[in-house]
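Place chain B on chain A using the hints.
Sequence lines, in order, name chains A and B.
Mapped onto my numbering, the consecutive letters of the first sequence carry residue numbers 1 to 397.
Mapped onto my numbering, the consecutive letters of the second sequence carry residue numbers 1001 to 1220.
Worth flagging that the hints you see were computed from the coordinates, not collected in a lab.
Worth double-checking, as some hints may not be accurate.
As the list claims (entries may be wrong) - Facing chain B, according to a computed beta carbon distance under 7 angstroms, are these residues of chain A, among others:
#1 Q159
#2 N191
#3 K192
#4 F195
#5 G289
A virtual CB, placed ideally from N, CA and C, is assigned to each residue, including glycine.
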Amino acid sequence: MQRELLHTPEGVRDIYHEEYEKKLILQDRLNGLLRRYGYHPIQTPTFEFFDIFGREIGTTPSRDLYKFFDKEGNTLVLRPDLTPSIARCVTKYFDEEDLPVRLCYMGNTFINNSRYQGRLKETTQLGAELIGDPSVDADAEIISMVVACLKAAGLKEFQISVGHAGFFRGLTEAAGLTAEQEEELRNLLSNKNFFGVEEFVETLPLEENLRRLFQMPGRLYASAAEWQEMKECAAAYPQILDALEELELLLALLKAYDVSRYVSFEPGMISSYHYYTGIIFSGYTYGSGEPIVKGGRYDRLLSYFGRDAAALGFAFVIDQLMAALARQQIAIPVTYETLLLVYQAAYRTEAIRKARRMREHGRHVELLLWDAARTKEDYAAYAKKHHIAEVEFMAEG
Amino acid sequence: MEQRYLTIALGKGRLASQAMELFEQIGVTCEEMKDKRTRKLIFVNEESKLRFFLSKGPDVPTYVEYGAADIGIVGRDTILEEGRNIYEVLDLGFGKCRMCICGPESARELLAHHELIRVATKYPQIAKDYFYNKKHQTVEIIKLNGSIELAPIVGLSEVICDIVETGSTLRENGLLVLEEVCPLSARMVVNQVSMKMEHERITHMIRGLKEAVWQNSQKG
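Chain A with its partners taken away, still in its complex shape (with noise of 0.2 angstroms):
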């Protein structure tokens, strides 16, 4: 054997046996739900010329793209996520139509990192985009579906994160920030600093409504009094107002969706992606040590295609989804149905038919011819050893 022959590159594995059969079934059973909501699965290519994933679209840095050339010396680049090119379909081939488009999708990502020494560089991803619906009916059935899917996969703990980027970029407006004190901010309210974004705003001359404004990215609000308490605050911020009622509207369809109490609000929540306009979202789970999906609405991306349309989606990464289930010891039930046809030479023709028949019925048949050297006893250990159901013997005596 040649054992040097049989690494794979890090980052890459073989996903095979019963680890697959629950991948797969995972991967049926969130597709076959995002079918039920009406979207319908696209393909895209698995690479790309390098600008549709590029600065001002992309997900991922540049360095941590894979980059290779075709013939005629373009860059190209396998993709690192699916977003931007439903964003470049959308535009290309739905171009005429103004009623909203719904659309599914899964496939295989690439991010070399390699920084993050045990973490995967080829992973599988499955989401949906809703295009051309600007309405908050939208965001709502958009997190209802991520629920539904968490709940599919057989989650019982989890919680969605909801925010909204009109709201920072109200207070950064409202507060007339310079480009350095936004930044700043942006950095104390991703690291999810508050006492810093209290201090850094403490040196900020503010009017007392837009102070408390200020204080508030960083909770979690459910109840009425709070959300009426924050509105009266904005009152005369309008961009802050819209992305609040916005978000209580969202609370309400939630409720109409029997989801509401998956999702938390935290209207400050930041996202790193540029193209994000209104609702984000993460959704986070036990056993996994980052949000297992992530989304929101990204009006301005198809605009960098050449049209202007409201768009909103998410994306689940199977794996991690995989890695947290089998943390939780929530269990993807495999059902074995195989049967193993074993026969002598003289049964040939008679095994041959009766595997024929029985396949032609729906059920899984393995044909095997019998060695003589081996006992009936070796073939119950291989259906064993190989998750084989039940076994049948077609010969002599």
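Showing chain B alone in chain A's frame:
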């Protein structure tokens, strides 16, 4: 529902004992940890469902990023150097020092131009970020693992990028602080998911620690 353990990673050494003093101020104790002879790696406080462990400083952000620890106590130098995806929620106010560019007086001239110079350091990321993104000076970075002050003395590099507390080691060796990169102190860091899933417990702890830090600063 049964409460989960919150796991806290502490950077070994003085940082850890100072952090434990701070935790005691807010009523979080761990008697097991005070036994100097113990060979245990992990210490449990059953009552408040907390677990503590000691690790090498640079590993703390790693444990926290992957969620193996919910919370970490570590110096800002390590956080900057490791660049992990974690929340840096609180300045704990102890372990104060500065990251500085140091060298002999003669090296001051070299920092004023965009000349290519050699910088010895234990913190290549911090040094790189400072020279490339703030000073826009191209430098050659030489990674060392200790006694950084030696480098300019024996001619391995023109300057060093290192932590300065009192500056006495520098002075004894004829070096001085030429530029300050940033102030440093101990920080509390939190895993992204833990911050959400254990929001109440962690926020409560942050508030308590903040209060204790404030009181300590009042004492002087």
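Status of the hints after comparison with the structure:
no.: 1; hint: Q159; in the structure: holds, 5 angstroms
no.: 2; hint: N191; in the structure: holds, 4 angstroms
no.: 3; hint: K192; in the structure: holds, 4 angstroms
no.: 4; hint: F195; in the structure: holds, 5 angstroms
no.: 5; hint: G289; in the structure: holds, 3 angstroms
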